[in-house]
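Engineer: Chains as they are written, first to last, in the working numbering: chain B, 1 to 219; chain W, 220 to 502.
Hints listed in this document are in silico derivations from the structure and should not be mistaken for laboratory results.
Predicted, not measured: the structure shown is a model, and the values here were computed from it.
Errors might be hidden in some of the hints.
Claimed, not checked - Here are the in silico distance ranges between beta carbons for each label pair:
id : chain 1 : residue 1 : chain 2 : residue 2 : range
1  : B       : Val100    : W       : Ser241    : 43 to 53 Å
2  : W       : Thr233    : B       : Arg61     : 24 to 34 Å
3  : W       : Gly263    : B       : Arg43     : 27 to 37 Å
4  : W       : Ala243    : B       : Arg43     : 49 to 59 Å
5  : B       : Asp151    : W       : Ser231    : 31 to 41 Å
6  : W       : Thr233    : B       : Arg176    : 53 to 63 Å
Don't be surprised by glycine CBs; every beta carbon is placed ideally from N, CA and C.
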Amino acid sequence: MTAPIEKAWPEPDAGQRALDLRAAFAGLPCEPWLDEAADTIWRRSEALTGLFAAAARHCGRQQLAAAPGWTADEAARTILLSALELPEETLIAHVEEVYVYGDAAEKRAVLRALPLLPVGDRAVPLLHDAIRTNDPRLLAAAVGPYARRLDAALWRQAVLKCVFTGVPLDAVHALRERADTQLMELLEGYALERRAAGRDVPADAAALLQGLGTEEGGA
Amino acid sequence: MRIFDPHIHMTSRTTDDYRRMSAAGVQAVVEPAFWLGQPRTNVGSFTDYFDALLGWEPYRASLYGIRHHCTLALNPKEANDPRCRGVLDVLPRYLEKDGVVAVGEIGYDSMTREEDEAFAAQLALAIAHSLPALVHTPHRDKAGGTRRTLAVVAESGIDPGRVLVDHLNEVTVELAVDAGCWVGFSVYPDTKMTPERTVALLRRYGTERMLVNSAADWGNSDPLLTLVTGQAMLAAGFSEADIDQVLWHNPVAFFAQSGRLALDGIEEPGADFAGNSVRRGGI
Ligand SMILES: [Zn+2]
Chain B
1 MTAPIEKAWP
11 EPDAGQRALD
21 LRAAFAGLPC
31 EPWLDEAADT
41 IWRRSEALTG
51 LFAAAARHCG
61 RQQLAAAPGW
71 TADEAARTIL
81 LSALELPEET
91 LIAHVEEVYV
101 YGDAAEKRAV
111 LRALPLLPVG
121 DRAVPLLHDA
131 IRTNDPRLLA
141 AAVGPYARRL
151 DAALWRQAVL
161 KCVFTGVPLD
171 AVHALRERAD
181 TQLMELLEGY
191 ALERRAAGRD
201 VPADAAALLQ
211 GLGTEEGGA
Chain W
220 MRIFDPHIHM
230 TSRTTDDYRR
240 MSAAGVQAVV
250 EPAFWLGQPR
260 TNVGSFTDYF
270 DALLGWEPYR
280 ASLYGIRHHC
290 TLALNPKEAN
300 DPRCRGVLDV
310 LPRYLEKDGV
320 VAVGEIGYDS
330 MTREEDEAFA
340 AQLALAIAHS
350 LPALVHTPHR
360 DKAGGTRRTL
370 AVVAESGIDP
380 GRVLVDHLNE
390 VTVELAVDAG
400 CWVGFSVYPD
410 TKMTPERTVA
420 LLRRYGTERM
430 LVNSAADWGN
440 SDPLLTLVTG
450 QAMLAAGFSE
460 ADIDQVLWHN
470 PVAFFAQSGR
480 LALDGIEEPG
490 ADFAGNSVRR
500 GGI
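Given only the sequences and the hints, what does the whole structure look like? Please build it.
Structural biologist: Written as structure tokens, this is what we have:
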């Protein structure tokens with residue numbers, strides 16, 4: 001990407017992390033396509049829609065060796081969104097548009113990109129949408145770092161839904177820091193129901209209840 | 220027997236069907252966008268439906284080890300409602316999605332002027348987005364409708380080798396063969412084709428460019444009639460290779476023309492996570 005990056009980043013190291021994602025494509029066959037696509041979007045934001053949809057066909061869907069926890073398509077789409085040098089209120093319109101009209105992989109990529117985009121709290125409704133779905137791919141992406149902007153009640157429900165739908169709890173950003181008494185009560189109620197029905201409690205939920213917890217995840 | 224059902228409306232089917240299909244050897248499906256039985260009255264109803272075909276339904280299929288792709292279009296029946304015409308304006312956006320392997324199903328229902336326009340416009344979209352086209356033939360006035368359908372296809376300039384003409388029967392099959400299109404037989408419990416009649420046509424016209432589908436939907440239909448047709452082929456003396464061509468290679472070859480057919484690793488379940496809500500009955 002040729003555009004200079006001078007943004008009010010929402011996270012202290014978000015700018016650096018976006019650059020790291022870009023560096024992870026160094027030498028890959030899709031690097032020229034990605035550069036050109038990002039440059040096109042920087043010049044002409046309406047180009048985002050088509051290029052965002054096509055990204056996985058050009059960059060693949062494999063894990064990126066140089067960016068642990070990222071697939072090539074999600075990282076590429078994050079880079080394309082980062083190429084939009086727009087004020088917050090215009091930027092969010094583009095982010096919402098590719099989310100609303102996106103397929104499941106595009107929606108997931110938007111959710112993963114949110115912590116790296118200067119959109120403030122404006123994308124919280126997208127998290128609400130993702131958490132309403134029953135798609136574990138979207139749910140897992142919705143409980144990442146941007147979920148710090150969710151209010152506590154909805155965040156607890158999202159964590160509980162992860163346990164219900166089999167999303168591993170290490171997908172939940174800052175789980176140990178944020179887990180409170182009310183979350184523990186919800187999980188205890190869940191564990192009680194499971195045991196009463198003769199069913200297992202997932203190991204990560206049981207560990208959290210026992211105060212062991214899991215390490216903060218990157219998903 | 221491995222089966223690729225190139226025309227099935229899974230939105231209208233239960234998870235029991237997915238389980239039975241998987242056990243019967245169905246490893247891949249294409250779900251064409253169609254009429255849902257209840258007419259829709261606004262564009263948003265379609266975009267939500269397209270979202271389901273690009274998100275929830277492929278996920279549901281993946282739980283049973285089945286790879287799900289779709290074809291998108293404004294179907295002819297609803298093309299007659301001016302409130303739904305705006306679907307043609309949002310389609311270009313959706314035709315760029317990874318899971319879309321054709322424009323369809325398009326064609327005629329009552330052969331109105333509105334249907335003419337929507338059909339031609341969507342064949343042009345297929346060309347513009349480098350996608351094949353799935354064209355169904357009307358239920359009423361089938362022979363006349365098929366002739367008119369093929370005339371519109373020819374006029375559009377799309378390569379007939381990129382067109383699959385569906386719901387064909389004894390009366391209409393030759394028209395599609397002569398036009399150089401791919402041929403689809405929809406095998407139904409009591410309307411459209413039966414397994415035995417399909418086998419007779421495969422004998423007569425050969426197995427090249429021939430596809431068999433269940434077209435299962437919300438009506439009286441059966442997602443396992445692809446398997447039954449394969450068994451009927453075997454009983455009639457067709458080789459395993461012939462059956463594999465009709466039930467697997469032909470649909471793969473047709474939809475691979477989109478450049479978006481992704482069949483890698485379909486033997487393993489596609490879901491990334493050990494558990495899932497559909498199986499557990501959660502939430
Ligand atoms: Zn159909």
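Engineer: Now, for every hint given, state plainly whether the structure supports it.
Structural biologist: Consistency of the hints with the structure:
| no. | hint | result |
| --- | --- | --- |
| 1 | B:Val100 / W:Ser241: 43 to 53 Å | violated (32 Å) |
| 2 | W:Thr233 / B:Arg61: 24 to 34 Å | holds (29 Å) |
| 3 | W:Gly263 / B:Arg43: 27 to 37 Å | holds (32 Å) |
| 4 | W:Ala243 / B:Arg43: 49 to 59 Å | holds (52 Å) |
| 5 | B:Asp151 / W:Ser231: 31 to 41 Å | holds (38 Å) |
| 6 | W:Thr233 / B:Arg176: 53 to 63 Å | violated (40 Å) |
The structure shown violates the earlier hints numbered 1, 6.
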